[in-house]
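Chemist: Sequence:
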Amino acid sequence: MTAPHGKTRILLATAGVPAAAVAVAGVMAWLWDARLPEVVAVHWTSGEPNNSASLGPFLTIALLVGAVLAMAVSWLAVTAARRGNGLSRIAIGFFAGFTTIPASGVLGVLVGNLDVGDWHRATGSALVAMVSLLVAVVAGVLAAFVMGPVPSVPGADGPAADAPAIGLAPGQRAVWVGSTTNRFLLSSVLVVPLVGFVVNQVGMVAVPAWIYLALFLVGAVVTLLGARLGATVDSAGLTIRMGLLGWPRRHFPLDRIDHADVADLGLLQGGGFGYRVNPFTGESLYKLRGGPALAVALRKGGLVYVSVDDPAPGAGLLNDLLRHRAAAHDV
1220 MTAPHGKTRI LLATAGVPAA AVAVAGVMAW LWDARLPEVV AVHWTSGEPN
1270 NSASLGPFLT IALLVGAVLA MAVSWLAVTA ARRGNGLSRI AIGFFAGFTT
1320 IPASGVLGVL VGNLDVGDWH RATGSALVAM VSLLVAVVAG VLAAFVMGPV
1370 PSVPGADGPA ADAPAIGLAP GQRAVWVGST TNRFLLSSVL VVPLVGFVVN
1420 QVGMVAVPAW IYLALFLVGA VVTLLGARLG ATVDSAGLTI RMGLLGWPRR
1470 HFPLDRIDHA DVADLGLLQG GGFGYRVNPF TGESLYKLRG GPALAVALRK
1520 GGLVYVSVDD PAPGAGLLND LLRHRAAAHD V
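Position one of the sequence shown corresponds to residue 1220 (my numbering), numbered consecutively onward.
What the hints contain is simulated information worked out from the structure, not anything from laboratory work. Careful: at least some of the hints might be erroneous.
Claimed, not checked - DEER-style ranges, computed between Cβ atoms:
# : residue 1 : residue 2 : range
1 : Gly1336   : Thr1279   : 17 to 25 Å
2 : Val1396   : Leu1353   : 44 to 52 Å
3 : Thr1400   : Thr1298   : 31 to 39 Å
What you are looking at is a predicted structure, and each value in this text was computed from that prediction instead of being measured. Ideal Cβ positions, reconstructed from N, Cα and C, are used throughout, including at glycine.
My request is simple: use the sequences and hints to build the entire structure.
Modeler: And the structure:
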């Protein structure tokens, strides 16, 4: 369950900051009322205003949308925290900034329509976009600051008695290496350019040589970075490597891990293959296929899934290392 102060911070970051942006936009509209036309420009093309709206309804709808977005994001964030899932400050900042876009857009529109008399003479879109983006970025940074460090999850106390184990004795050393390869992604370097060839032959559409080159490069990147997944468990913790070159790479030291288990991933779980992250549930997936996967619970919340073959020994070794580490600290 979320600590009271943790819940307060989440609410302040995800609801309080966007609410402040809505309030600022409303106050500025009131202060600038005499300087704004009754009909304001709300859309620009190539720097020229090409659409308008009555100021009152525009303000009401935009700020209401911002308030609803903030409430939805705040509810999702608090719900995720109550379930014990970790919340990233970066994720909180991003989504808080996103929910302020209606309010920041209102401020941009107001600035663009100041003292113009007629909406057709509204300031160019560059200023409007700059003001809108600046307000959203400031709101996101402020929300991340308000959120503060992610607290440890109460009850994170290491592997349970019935958690997987391999029987590693104190003082013994062991290393486990697991991997999996997606053969379809491995052949992307050839399959992706083949798409251009099929379009050329079947669709009777001429494909320029540079298109083939671009497709080949895309296929090569997919093959190098996404065709293979590896994981290593040793006394330093868990290291995950993606791609034929072992990069990108991510390391989780033992002091960040609470326990490990084996999970069965659905083919579409997490939204597909590759690296997937859900900032609200705290789940991170390194996935090249459905089926058995190493599931690692972190001490600050969240789960890391790695879809490698035969993950049970890896989970058992991690749990044994964590038990030995806890025992050594108790001495």
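Chemist: Now tell me if each hint is right for this structure.
Modeler: Outcome of the hint check:
1. Gly1336 to Thr1279: 17 to 25 Å: holds (23 Å)
2. Val1396 to Leu1353: 44 to 52 Å: Holds: the Cβ-Cβ distance is about 48 Å, inside 44 to 52 Å.
3. Thr1400 to Thr1298: 31 to 39 Å: holds (37 Å)
Hint compliance for this structure: every hint is met.
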